[in-house]
Amino acid sequence: MTDPAALDLLDDTARVLREDLAAALTGEQRYQALLAANAIATARRAIAVSARLQAAEGAIGADVAAIRAGRHDGDAALHGRLLHAARLRAFVADPVALSPEDRAPCEESRDAS
Amino acid sequence: MTQLTENPHLDAWLAGVLNAPAARVIAAEKLSGGAIQENWSVTIDAGLDGGAGPRRCVIRRDAPATIAASRSRAQEYALIRAAHEAGVKVPTPLGFCADPQVIGAPFALMALVPGTGYGPRLVRDAQLGGDRAALCRELGRQLARIHAIRPDPRLDAILGDRPADPAAAAVALCRDWLDALGTPRPGLEWALRRAQRDAPPPGGITLTHQDYRTGNFLVDARGLTAILDWEFAAWSDPMSDLGWFCARCWRFSRPDREAGGIGDRADFYAGYIDEGGQDIDPARVAWWELMAHLRWAVIALQQGHRHASGEERSLHLALTGRIADTLELDLLHMTAPRMEVR
Numbered sequence: 013m014t015d016p017a018a019l020d021l022l023d024d025t026a027r028v029l030r031e032d033l034a035a036a037l038t039g040e041q042r043y044q045a046l047l048a049a050n051a052i053a054t055a056r057r058a059i060a061v062s063a064r065l066q067a068a069e070g071a072i073g074a075d076v077a078a079i080r081a082g083r084h085d086g087d088a089a090l091h092g093r094l095l096h097a098a099r100l101r102a103f104v105a106d107p108v109a110l111s112p113e114d115r116a117p118c119e120e121s122r123d124a125s
Numbered sequence: 004m005t006q007l008t009e010n011p012h013l014d015a016w017l018a019g020v021l022n023a024p025a026a027r028v029i030a031a032e033k034l035s036g037g038a039i040q041e042n043w044s045v046t047i048d049a050g051l052d053g054g055a056g057p058r059r060c061v062i063r064r065d066a067p068a069t070i071a072a073s074r075s076r077a078q079e080y081a082l083i084r085a086a087h088e089a090g091v092k093v094p095t096p097l098g099f100c101a102d103p104q105v106i107g108a109p110f111a112l113m114a115l116v117p118g119t120g121y122g123p124r125l126v127r128d129a130q131l132g133g134d135r136a137a138l139c140r141e142l143g144r145q146l147a148r149i150h151a152i153r154p155d156p157r158l159d160a161i162l163g164d165r166p167a168d169p170a171a172a173a174v175a176l177c178r179d180w181l182d183a184l185g186t187p188r189p190g191l192e193w194a195l196r197r198a199q200r201d202a203p204p205p206g207g208i209t210l211t212h213q214d215y216r217t218g219n220f221l222v223d224a225r226g227l228t229a230i231l232d233w234e235f236a237a238w239s240d241p242m243s244d245l246g247w248f249c250a251r252c253w254r255f256s257r258p259d260r261e262a263g264g265i266g267d268r269a270d271f272y273a274g275y276i277d278e279g280g281q282d283i284d285p286a287r288v289a290w291w292e293l294m295a296h297l298r299w300a301v302i303a304l305q306q307g308h309r310h311a312s313g314e315e316r317s318l319h320l321a322l323t324g325r326i327a328d329t330l331e332l333d334l335l336h337m338t339a340p341r342m343e344v345r
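Those protein sequences? They're chains A and B, same order as listed. Going by my numbering, the first sequence opens with residue 13, and the numbers climb by one from there. Going by my numbering, the second sequence opens with residue 4, and the numbers climb by one from there.
Isolated chain A (complex conformation) (with noise of 0.2 Å):
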């Protein structure tokens, strides 16, 4: 199970930069700090369902070629193994975009494992 101490420092640290760096800078350098805390940001929820996103590739059992010949048409099962992993690394790269649909599996209550 990740640290949940490890995780808070670094929802801190992005904290930091959003809140008190780039509120001060302006342009370029503030430009950056964002940067760098939306990075930061991002890093922490890729660690947090780390764990459930490696099992669920784990679970897509199918290969890319099969699925380029057309062997997977279909298959539905596939798309909702797909859609699950999916459903997981659009949450790490931006879960504001995703429908309440979509991220309801991926909160955080679920991270404990």
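These are calculated hints, taken from the structure and not from any lab test.
Covered, in the sense of this in silico footprint (three residues per stretch, anywhere, with C-beta under 8 Å from a C-beta of chain B), are these stretches of chain A:
hint	region
1	75-81
2	86-92
3	106-119
One side only, chain A facing chain B, incomplete, derived with CB under 7 Å:
hint	residue
4	Leu47
5	Ala51
6	Ile72
7	Ala98
8	Arg101
9	Ala102
Using C-beta positions, here's what the derived DEER-type ranges look like:
hint	chain 1	residue 1	chain 2	residue 2	range
10	B	Arg225	A	Tyr43	24 to 32 Å
11	B	Pro166	A	Gln66	34 to 42 Å
12	A	Arg115	B	Gly313	27 to 35 Å
Using N, Cα and C, we set each Cβ at its ideal position, and we do this for glycine too.
Dock chain B against the given chain A, drawing on the hints supplied.
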């Protein structure tokens, strides 16, 4: 010599191009954006303006790291010139210097066009670009003009052969790019397979812009001032430009405004038709919208790879790579299995 001020070779070249007895760059300022190209705003005293004062232009050259790609700057310039002659709103092309000795790399000289281009801001700030319905119609009209360009033999040679089947070629190109990246992406493969199965048959082929979207044109308070970023222009299905422009992934914070996050698709189409554009086939445009998500996802992965491979360490590139993950989720929703016999 790479500097733009105090550069006698550049001043002499500018005098020739601007038809002035003498010219001198009195100020140069690097414009934002462009990791592959550098854009400089230059103020030129050519002493010919009858009291109008110095002239402001843009010098566009390859960044130092990418001089090997300099041939594409010449091609881009040829495209902008053809667009200008066809009445498309582009920065007025003033000259191209192929001699790398003048400022360290070949470069294009164009008139400075005022305006804002940053996509997210344009979508957010309704004060920009004037009346939005009028802006959408104007963007449609401009695209129709681009599709009507008949290249001269020189530009034709640059553009190469017309693809026999643009849709199939687009699918194949995405697969080649994914293979070159070397990391399997089954979710993107799923969507690509659907794209392959649903691909429209070959139809009309025109010159296309290939990056016609919000973020790649400039507006001022009244409306459109210039269409930019011509480096990907190529022969293709004209519907590919309409699909790229309307694709959900290029609407930024306003997915409800189907024409590039700016306004209604109907206004964009009306301008296109009004200016004599090609027949709009909604199913074909919809397919190119799916393809737009795929193409953008793979380009995002390529940008992330530039960071991850160590070729160019950059937080911006690293985060851009992750946009592919958001796009992959959208693509899987767009390609859910239909009721069919397996």
